[in-house]
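Quick note on this note's numbering: the sequence shown kicks off at 406 and runs consecutively.
Keep in mind that the hints were calculated from the coordinates and are not lab data. Don't take every hint at face value.
Label pairs and their in silico Cβ distance ranges [stated by the list, open to error]:
| # | residue 1 | residue 2 | range |
| --- | --- | --- | --- |
| 1 | T719 | D535 | 46 to 54 Å |
| 2 | E539 | T700 | 19 to 27 Å |
| 3 | S642 | P471 | 44 to 52 Å |
| 4 | G693 | Q625 | 24 to 32 Å |
| 5 | D484 | S642 | 47 to 55 Å |
| 6 | D647 | T486 | 42 to 50 Å |
| 7 | M679 | C485 | 21 to 29 Å |
The beta carbon of each residue, even a glycine, is placed where N, CA and C say it ideally should be.
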Amino acid sequence: MRTLFTVVSVALALGGCGDPSEDSERDAQVVDAARTDSGGELDASREDDSGTDASLTHDSGSDAGPPDPCHIDVEIPADCTTSSCRQIERRRGSSECVTQGYLEYTPPGYGDGARYPLLVFLHGIGENGDGDGELANVARNGIPRLIGRNAWDLERPFIVLSPQHFARPDTDCHTTAEIQALFDYAKRAYDVDPSRIYLTGLSCGAIGGWNYLAAHTDTQGVAAAVLIAGDGRGAWSRAMCDLGRVPIWAFHGDDDPTVNVAGTRTPITNLMTMCDPVPDADMVIYPGVRHDSWTRTYDGSAGHDVYAWLLEHTR
406 MRTLFTVVSV ALALGGCGDP SEDSERDAQV VDAARTDSGG ELDASREDDS GTDASLTHDS
466 GSDAGPPDPC HIDVEIPADC TTSSCRQIER RRGSSECVTQ GYLEYTPPGY GDGARYPLLV
526 FLHGIGENGD GDGELANVAR NGIPRLIGRN AWDLERPFIV LSPQHFARPD TDCHTTAEIQ
586 ALFDYAKRAY DVDPSRIYLT GLSCGAIGGW NYLAAHTDTQ GVAAAVLIAG DGRGAWSRAM
646 CDLGRVPIWA FHGDDDPTVN VAGTRTPITN LMTMCDPVPD ADMVIYPGVR HDSWTRTYDG
706 SAGHDVYAWL LEHTR
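Taking the hints into account, I'd like the entire structure generated from these sequences.
This is the structure:
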């Protein structure tokens with residue numbers, strides 16, 4: 406079924422990377438260009454963490470005082486009974502609250518005064534774009550694809566925000582500053598439960614996720630993360646055992662030609678064997694699977710319910 410998008414203008418200041426197809430020579434070359442000279446690890450040295458120390462637990466909702474000018478009143482058609490009609494394009498450039506385009510999904514019942522868990526999805530390098538006319542590219546893979554194809558379980562309570570990374574050149578992955586800016590914005594714009602904020606990403610988006618966790622090792626932010634086909638070796642080298650302060654479930658194919666499986670094996674193995682106490686960190690390595698280890702993970706066909714696992718964790 407073709408994805409249905411309602412176009413609404415809003416802006417967002419985030420970035421991310423799209424997901425390189427294992428069959429695309431161009432994307433493989435782009436990812437290779439982003440690697441460091443040692444170990445084949447994607448370079449995270451360009452991360453700019455300045456101005457990103459805001460606490461994720463700060464609740465700037467409208468419980469007291471005047472309404473927040475950034476708050477969004479989500480309007481879903483009354484006859485909407487599928488997930489695709491609940492996924493809305495929020496384009497960059499029409500709001501001072503955020504500077505990047507993103508896809509928004511709100512669960513049935515949203516707007517009833519309750520607060521909902523937030524799940525931020527970071528795409529791969531192939532979905533980079535301008536946040537405007539190219540925003541629909543974000544739904545090519547991962548969770549937005551499931552939502553757009555009506556393969557998303559409406560019983561899941563998440564608000565899902567999927568920002569598009571505006572990278573020039575397009576070898577960049579989502580930066581920690583962009584991810585933090587989205588979290589801060591989301592807590593103002595949506596009815597978010599600050600104790601249930603989750604992060605997930607695939608490929609370059611997972612690399613951005615690893616880097617974010619390494620930069621934010623406090624206990625006041627993300628409640629749990631699912632990272633797929635990414636490279637967390639740089640994150641481990643910077644944060645070491647502090648990386649395990651956030652529960653992590655990582656996935657990878659052992660035949661991945663784009664991001665080596667060591668990008669998952671090394672940091673998770675180190676967390677499981679070198680840290681005391683042992684953190685909540687685990688991994689699934691799919692035998693014979695190449696770069697696309699995310700489809701079977703997100704749709705549950707491999708037998709892993711990452712959504713239930715996320716909801717088991719709170720801050």
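Status of the hints after comparison with the structure:
Against the hinted window of 46 to 54 Å, the Cβ-Cβ separation of T719 and D535 comes to about 36 Å, which falls outside the hint. Separated by about 22 Å at the C-beta atoms, E539 and T700 satisfy the suggested range of 19 to 27 Å. Distance hint check: the CB atoms of S642 and P471 are about 46 Å apart, consistent with the given range 44 to 52 Å. Look at G693 against Q625: about 40 Å separates their beta carbons, and that is not inside 24 to 32 Å.
A hinted range of 47 to 55 Å holds for the C-beta pair D484 and S642, which are about 52 Å apart. In this structure, D647 and T486 meet the distance hint of 42 to 50 Å, their C-beta atoms being roughly 45 Å apart. Distance hint for M679 and C485: a CB-CB separation of about 49 Å, inconsistent with the stated range 21 to 29 Å.
Of the numbered hints listed earlier, those contradicted by the structure are 1, 4 and 7.
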